[in-house]
Amino acid sequence: SLSGCPRATFAGKKGKLSGDEILNTKFKTSDVLENDEEIKQLNKEISELNESNSEMEAAMVKLQSQISTMEKNLKNIEEENKIIEEQNEALFLELSGLSQALIQSLANIRLPHM
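Sequence positions in the sequence shown follow our numbering and run 212 to 325.
Some hints could be false.
[What the hints assert, rightly or not] No more than 30 Å apart at the CA atoms, straight line, and that leaves these computed lysine-lysine pairs for DSS-like: (1) LYS283 x LYS293; (2) LYS255 x LYS283; (3) LYS273 x LYS286; (4) LYS283 x LYS273.
[Said to hold, decoys possible] Label pairs and their calculated CB-CB ranges: (5) SER258 x GLU296: 36 to 46 Å; (6) LEU285 x ILE257: 34 to 44 Å; (7) LEU274 x GLU248: 49 to 59 Å; (8) ASN287 x GLU266: 26 to 36 Å; (9) LEU306 x GLU268: 28 to 38 Å; (10) ALA269 x GLU249: 29 to 39 Å; (11) GLN275 x LEU253: 26 to 36 Å; (12) GLU289 x ILE250: 53 to 63 Å; (13) GLN298 x LEU274: 27 to 37 Å; (14) GLU290 x ILE250: 53 to 63 Å; (15) VAL272 x GLY308: 48 to 58 Å; (16) GLN315 x GLN277: 36 to 46 Å; (17) LEU313 x GLU282: 23 to 33 Å; (18) ILE295 x ALA270: 32 to 42 Å.
Simulated from the structure, these hints should not be mistaken for laboratory data.
All values derive from a computational prediction rather than experimental measurement.
By construction, the Cβ of each residue, glycine as well, lies at the ideal position given by its N, Cα and C atoms.
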């Protein structure tokens, strides 16, 4: 400034922007708007992914529950089959003993001669 005051000089420079500075400011504003749109789009995608993940996790929990139920049912069926096999073996032994007794009884019977 004419007075030689450094503050007056700074204030004068501060108020004046060149054409390049104005264009840079406009581009920066445009960049901010583009970045804002990109951020909104990314946030939307993140929300969609979070929702999808939640659905997948719920499906996994449901499947794990179904698998657990099936495993319990299989174990019960295996235990029932083991009991049935033991009963079958006992019945087979009893049948075998009765067959031997019948054969011995029939061996002692004398048939009349004809």
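Hint by hint, here is what the structure shows:
1. LYS283 x LYS293: holds (15 Å)
2. LYS255 x LYS283: Distance of about 42 Å is beyond 30 Å: violated.
3. LYS273 x LYS286: holds (20 Å)
4. LYS283 x LYS273: holds (15 Å)
5. SER258 x GLU296: 36 to 46 Å: This hint is violated: roughly 57 Å between Cβ atoms.
6. LEU285 x ILE257: 34 to 44 Å: With Cβ atoms ~41 Å apart, the hint holds.
7. LEU274 x GLU248: 49 to 59 Å: violated (39 Å)
8. ASN287 x GLU266: 26 to 36 Å: Hint holds: Cβ distance 32 Å, inside 26 to 36 Å.
9. LEU306 x GLU268: 28 to 38 Å: violated (56 Å)
10. ALA269 x GLU249: 29 to 39 Å: For ALA269 and GLU249 the Cβ distance comes to about 30 Å; the hint holds.
11. GLN275 x LEU253: 26 to 36 Å: At roughly 32 Å between Cβ atoms, LEU253 and GLN275 fall inside 26 to 36 Å, so the hint holds.
12. GLU289 x ILE250: 53 to 63 Å: holds (57 Å)
13. GLN298 x LEU274: 27 to 37 Å: holds (36 Å)
14. GLU290 x ILE250: 53 to 63 Å: Distance hint for GLU290, ILE250 holds at roughly 59 Å.
15. VAL272 x GLY308: 48 to 58 Å: At roughly 55 Å between Cβ atoms, GLY308 and VAL272 fall inside 48 to 58 Å, so the hint holds.
16. GLN315 x GLN277: 36 to 46 Å: Given a distance of about 57 Å, which is not inside 36 to 46 Å, the answer is violated.
17. LEU313 x GLU282: 23 to 33 Å: violated (46 Å)
18. ILE295 x ALA270: 32 to 42 Å: holds (37 Å)
Comparing the model with each earlier hint shows violations of hints 2, 5, 7, 9, 16, 17; every other hint is respected.
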